[in-house]
Structure formats: structure tokens, C-alpha cells
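Q: For the protein sequence lines, the chains are Y and P, in the order given. So the first sequence is numbered by the working numbering: it starts at 1 and just counts up by one. So the second sequence is numbered by the working numbering: it starts at 1 and just counts up by one.
Watch out, some of these pointers could steer you wrong.
[What the hints assert, rightly or not] Incomplete in silico selection of chain Y near chain P, CB under 10 Å:
1) Leu128
2) Phe132
3) Glu136
4) Val230
[Said to hold, decoys possible] Now the stretches of chain Y that chain P is said to cover, found in silico as 3 or more residues with beta-carbon under 8 Å:
5) 233-244
6) 292-298
[What the hints assert, rightly or not] Each pair of labels, with its calculated beta carbon distance range:
7) Y:Asp170 - P:Asn38: 23 to 29 Å
8) P:Ser192 - Y:Arg116: 29 to 35 Å
9) P:Lys207 - Y:Thr109: 51 to 57 Å
10) P:Asn38 - Y:Thr47: 53 to 59 Å
11) Y:Pro98 - P:Glu163: 43 to 49 Å
12) P:Glu32 - Y:Ile27: 39 to 45 Å
13) Y:Arg116 - P:Gln97: 52 to 58 Å
Derived from the structure by calculation, the hints contain no laboratory data. Just so it is clear, CB atoms sit at the ideal spot from N, CA and C, and this is done for glycine as well.
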Amino acid sequence: MSKTIEKLDSEVKEKSTIARYVISLTIFVIVMALSWVIHLLKITQATDFPVNFSPPVTNAIDDFVDFLVVNFAWMFDWMSDQAKVLIGKIRDFLIWVPWPFTILTILYTGWKVASRNVGIGSAIALLLLASFNLWESAMITIAIMLIAVLISIVIGIPLGILAASSNRFDAIIKPILDGMQTMPSFVYLVPGIMFFGLGNVAAILATVLYAIPPCIRLTNLGIRQVDIAVVEAGTAFGSNRMQLLTKVQIPMAIPTIMAGINQTVMMALAMVTIAAMVGAGGLGADVFRAMGQLEQGDAVIAGLGIVVLAIVIDRVSQGYINNRNQTTSIE
Amino acid sequence: MSNIEIVNLWKVFGNDPEIVFEPDNINKTRSEIQDEFNQVVALRNVNLSINPGETFVVMGLSGSGKSTLVRALIRLIDPTSGSILINDKDILQYNSQELENFRRHSVAMVFQHFGLFPHRTVLENAGYGLEIQNIDIDTRNAKAQEVLDLVGLSGWESSYPSELSGGMQQRVGIARALAVEPDILLMDEPFSGLDPLIRRQMRIELKKLQQTIQKTIVFITHDLDEAITVGDRIAIMRDGEVTQIGTPEEIVTSPANSFVEEFTFDIPKTRVTSVCNIMVKPLTEEFDKRYVVTPESSVEDMIPLVLETGDPIPVVDSKDKLVGVVPQQKILELVAQSARQEYSE
Chain Y
1 MSKTIEKLDS EVKEKSTIAR YVISLTIFVI VMALSWVIHL LKITQATDFP
51 VNFSPPVTNA IDDFVDFLVV NFAWMFDWMS DQAKVLIGKI RDFLIWVPWP
101 FTILTILYTG WKVASRNVGI GSAIALLLLA SFNLWESAMI TIAIMLIAVL
151 ISIVIGIPLG ILAASSNRFD AIIKPILDGM QTMPSFVYLV PGIMFFGLGN
201 VAAILATVLY AIPPCIRLTN LGIRQVDIAV VEAGTAFGSN RMQLLTKVQI
251 PMAIPTIMAG INQTVMMALA MVTIAAMVGA GGLGADVFRA MGQLEQGDAV
301 IAGLGIVVLA IVIDRVSQGY INNRNQTTSI E
Chain P
1 MSNIEIVNLW KVFGNDPEIV FEPDNINKTR SEIQDEFNQV VALRNVNLSI
51 NPGETFVVMG LSGSGKSTLV RALIRLIDPT SGSILINDKD ILQYNSQELE
101 NFRRHSVAMV FQHFGLFPHR TVLENAGYGL EIQNIDIDTR NAKAQEVLDL
151 VGLSGWESSY PSELSGGMQQ RVGIARALAV EPDILLMDEP FSGLDPLIRR
201 QMRIELKKLQ QTIQKTIVFI THDLDEAITV GDRIAIMRDG EVTQIGTPEE
251 IVTSPANSFV EEFTFDIPKT RVTSVCNIMV KPLTEEFDKR YVVTPESSVE
301 DMIPLVLETG DPIPVVDSKD KLVGVVPQQK ILELVAQSAR QEYSE
């Protein structure tokens, strides 16, 4: 008796599923038919959207940027000049140091902060770059990247600390960071060109904007993750906010903050390459130029150069983080 | 040394604590308030007076409000109403500067989960309280070393907390608290996270330590055995209220209600009953000097003596003067009672 009821039940269910599919299909067919009729009768109100807000908004943005550029030209020029001088100096220095010293330095650093294999591997990778005549481009890429990372850290870590200590600020900055991280990477090039024109400075601005979110996020996370019992103990001994931050929370958040910096470095490298589109020099520019001149060989070699550089930087900084975490042995 | 006076202390967790104080609601039980208003009464009209230099134990099951109470004493939790007078100053009226000073100098806390700083060595952990007072590094390290020696951690100064066993970690916690030379030591279930053997050892060490340091100690525990070992007086809490306050002997021998009685069921009466409460007047001035006890010792201490002599046990004061005797019959009665307790389970 009960079995028949179950059987009936399942039959009913099956029927209702089939019915739902049939209904959906019917609606789809009707909508398609209507669309065909609309195009046949040329009802333009339904095919073209009746309003377009784009021109006024575009104009407003144009005016605003014009206003900024005209009135604050001195500031942008000054910033641009400073940045150019700085990039130039770092690049000149990196190129000025004879290549054997640079390779020995990376061998030693890789060995010390990560492991023997990382050190040797990094040295070989740099030798490869040099032997394919990518040395100078690589040094330019590193120079731009270093400055962008430095700016990201100097701005990102304080913002992360602020976000960790204020829930309101966190609520404001979170959607902004989410938005920044979902944007396609070359959208970041726009503000750079607007204020600084083509060149390395625009590239740095784009790189900073692109690379800063993980630095802010992971600083915030690291501080928030600190064991509440330890923070309570710090408070109970009469630490003020500054002492709690500098003596307890930040030191305990260091591993997470370092992970954030590692991500920032990797994202900066990715962006510096794309920033070749706004005139940044370096390996990205080599790829871009070679592609433009249909020299596939050059493009592939410069592209592989970027990959090699990325691996070296990632291995060394990752190794540093892992070793550090092991020695401080945070529970 | 400080005395602590807790007066009409309330703590209500929730978004609208004031509703509990309305005349219609003030007498409602904890669960009624929770059901009707979604407010949790953690402390209900607590009144306690803690004497200078005593070890005062607050005992209760989880959720009884004992941790809230000890956190209120250092204002890690701000009570809803009432006052806490320490040396006649209401600490609940302190502004943030006064509070910081109070936490730096007058009171220190030992935590259940130790709360040690994993990125600092044992020495740096012990010196933390002094470091935030901006005391120079030499003075700070000397003091930290001194308290580490006191808790028996000499030689571990440069280790990190994660390299230490649980018992040793809690010693660091105690050293860190003692380094700031507080008047009051708050201990929130300090030994609950340790193995039973280490736990017993730590209790005995705390008792010894207290004889040297003579602080006012507020000790939180859920273990009556522990309360009786370390406590001069015990307050038993239930549902945010204090049910009974008394010496271990008073709690065990005359529990205020069935709740306390159930708690004390496992504790043998011979362990807490003092000799002075059961001794009788001596018939003669003469007594055997080999088998004497003091009035403060427990009945348990007399049992080995009973095995060696057939005479009543003489009780002498600190000047070796006979103040009473305990007939063997009385001791046996109490032992029999304790044994019955054990078997009736």
C-alpha cells in the first residue's frame, strides 16, 4: 500500500519537473517570437535604449580632470620630476653595478634568506637574463617595481592598521578594495595618463593602485587575527593603544603582513609589464615593441624573461617569509 | 595590600541593559529576562568584601559570572551598575588615564590561557608590564629575572613561550604579573588548562608563594578541591549571584543550600574541619609531646597520630601550651562520615 503511494509520489514529482521545463521553454519561444516581431515592425523605442547618460558624465569628468591638471600642474609636475629622478637613479645604479657583483649578491641573498637551491637557481636565472641581452631591461623593470612596492608599503600598511583599529574605516575601505580588485588591470593605466602623461611615472601610479590592495587587506587581517587573549593580557597590564599596537599586535601580525607584501611585489611585477602600454620601460616594453614590429622571437624571449624574473622574486621573498615564520615559531 | 569592596555590582550583556532595572523586571530570573528581552544577566547584585592579604576564591560553574566578575575588577569588562572600591576609590569612575595607571601599578592578572606574547622571550614576557611603564631596560631585566627565579624558571630566560610546557608557561604568566609589584593579583582559572598532576603541584606552590609575597589574591576556579586548597575564604556563585561566602570549613560543614551541598559532596569533612572546632577541654595538664597538633590544622593531619598512640590527641598553641584535646572517638566519627559520603555515590 505505502509502496504504491511512494511510486505515485515520485511520478507526480517527475511530472511537475517536466511541466516546469515545458513552461520555461514556451516562455523562451514566445519572447524570441516577440523580439522578431519588434525588429520586423522597427519599433526603435524597444531596440535602442531611450536615454544615454554617458555624454554629460563624460564631460563632467573631462572638466574635472582638466581643472585638476590646469590648477595643480605644478604639483603633478613636481611629483613627476621627483619620481623620474628617483627611477633614473635606481636604474642607473642597478646598471652601473657590474653584472658579476649583482649575480653574486642574489646568490648570497637567496641562499641566506631562503635556501641553497633558491640562491643557485636565482643566480642561474639572472645569468640567463644577461646572456639573452635582457639585463638592462630587467633592471629598469626592477627599478620601477621597487619604487611602486615601496610606495604601496608606505601607504598600505598604515591604511591596514587604521582599518584594523576602526570598524567604520574598514567598512568604507572594504568595498573600495573589492572594486579595485575586480577591475581589469589596464583600467588602472587611465588615472596615470590623465595626471602624468605617458611614461614611467604614470606606470608607477598604475602599479601602486593595482598592487596596494593585498598590502592593506593582509595588514588588516593580520592585526585582527591576533589572539584575543593576548590582546586582553596586553590591555590588562595597562598598555595604551599605541603600545598595544607596536608591542603586541603588529609584531604578532608580521607573518601575515609579509605575505601581503609578497603579493604586492608579485602584482607590481605583473602591472609594470602591462604598464608598457603607457610608456613604461623595461621587459614589458620589449615585449610590446617586438609585438608591434612582428618580431615574434624577441617577444617570446622578453616574455620568458618576465617569467624568469617573477619566479626569482617570488622564490626569494617566499623563502624569506617561510624561514622567518619557522624561527619565530608562532603557535 | 589592598582591600576590595564590591557593592551592588550588576552586569547585563545585551543592547538594552537598562530594561532589567525597571521595577517590573528587577525580580525576574535570569532565564526569564533572557527569554523576554534577550539580555543576559551575568552579575546580579554582587556584594563582596575582600580583605587585604587574603586569598579570596570565587567559585562557580561555567556561566556563573565568575569570569565576568574578575574582568570587572580590572575593567576588561565595564559593569552596568554598582561600584568597586579599591582602597576606598571607585575604579569604575576612573578616566582612561587613571585606569591605565591603576592597571600598571595596582593590579595584575594571570589568565586561563596564559596570554603570553609568543614573539617575546620569557624574560621579555616577564618584563612587559615594566616595559610599558617606560622603565629602563636594565632595571626591567633585573626585576624580571628576580620574579622568574621566584617562580622557579631560572635558566629559561631566553626561551620562547612555545618551547615551554603548560605549567612552565603559566609560571611565566605569574612572573609577568608579579614583576609589576601589584597590590592585587587576579587569577582567572590559572591552572584549569594544566594536567591534574601539575595542577596540584602549582596549587601547593601558589600557597607557598603567597606566604612570601603576601598579596591580595582573587582566585577564580570551577574546582572546589582547588578552592579549598588555595583559599582563605570562598564565594560560591550561581547564575550571576553570590550564593554563599565563607571559609572552606564553613562551606563544607554548613552549606547554605542544596546547590552548595551538592558541590561540597565530594570533599571529605576530615580535610576541612579544623582541630579547634572539635577539641574538648583537657582533663590533665600532662600530654605526650610527640603527638601534638595545632588548633588550625585539619582533622586529616591527626589521622597518622591516631595510628601511633591510643590516647586523646593533645592540641597546643604556638607557645607549646596545651589548649585542648581531641578524643579518638571524635576523629573516628568524622572519618566514618567521610567514608559514608564516598560510598554513597
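Q: Does the Cβ pair serine 192 (chain P), arginine 116 (chain Y) satisfy 29 to 35 Å?
A: violated (46 Å)
Q: Examine the stretch 292-298 of chain Y for residues whose CB is less than 8 Å from any CB of chain P, and state whether their number is three or more.
A: It is violated, with 0 qualifying residues against the three required.
Q: Could you see if the CB distance from aspartate 170 (chain Y) to asparagine 38 (chain P) stays within 23 to 29 Å?
A: For asparagine 38 (chain P) against aspartate 170 (chain Y), whose Cβ atoms are near 26 Å apart, the range 23 to 29 Å holds.
Q: Proline 98 (chain Y) and glutamate 163 (chain P), beta-carbon distance inside 43 to 49 Å?
A: Since the Cβ atoms of proline 98 (chain Y) and glutamate 163 (chain P) sit about 45 Å apart, the hinted range of 43 to 49 Å holds.
Q: Evaluate the given range 52 to 58 Å for the C-beta pair formed by arginine 116 (chain Y) and glutamine 97 (chain P).
A: For arginine 116 (chain Y) and glutamine 97 (chain P) the Cβ distance comes to about 54 Å; the hint holds.
Q: Do the numbers back the hint for valine 230 (chain Y), that is, is its least Cβ distance to chain P under 10 Å?
A: holds (5 Å)
Q: Holds or violated: is the Cβ of leucine 128 (chain Y) closer than 10 Å to a Cβ in chain P?
A: This interface hint is violated because 39 Å lies over the 10 Å limit.
Q: Per the CB criterion, is glutamate 136 (chain Y) less than 10 Å away from chain P?
A: violated (42 Å)
Q: If you check the beta carbons of asparagine 38 (chain P) and threonine 47 (chain Y), does the distance land in 53 to 59 Å?
A: Holds, since asparagine 38 (chain P) and threonine 47 (chain Y) (Cβ atoms, about 56 Å apart) stay within the stated range.
Q: Does the stretch 233-244 of chain Y contain three or more residues whose Cβ lies closer than 8 Å to a Cβ of chain P?
A: The restraint on the stretch 233-244 of chain Y holds, since 9 of its residues have a Cβ under 8 Å from chain P and three suffice.
Q: Could one say that the CB atoms of lysine 207 (chain P) and threonine 109 (chain Y) fall in the range 51 to 57 Å?
A: The hinted range 51 to 57 Å holds for lysine 207 (chain P) and threonine 109 (chain Y), with Cβ atoms some 55 Å apart.
Q: Holds or violated: is the Cβ of phenylalanine 132 (chain Y) closer than 10 Å to a Cβ in chain P?
A: violated (44 Å)
Taken one by one, the earlier hints fail for this structure at numbers 1, 2, 3, 6, 8, 12, listed in ascending order.
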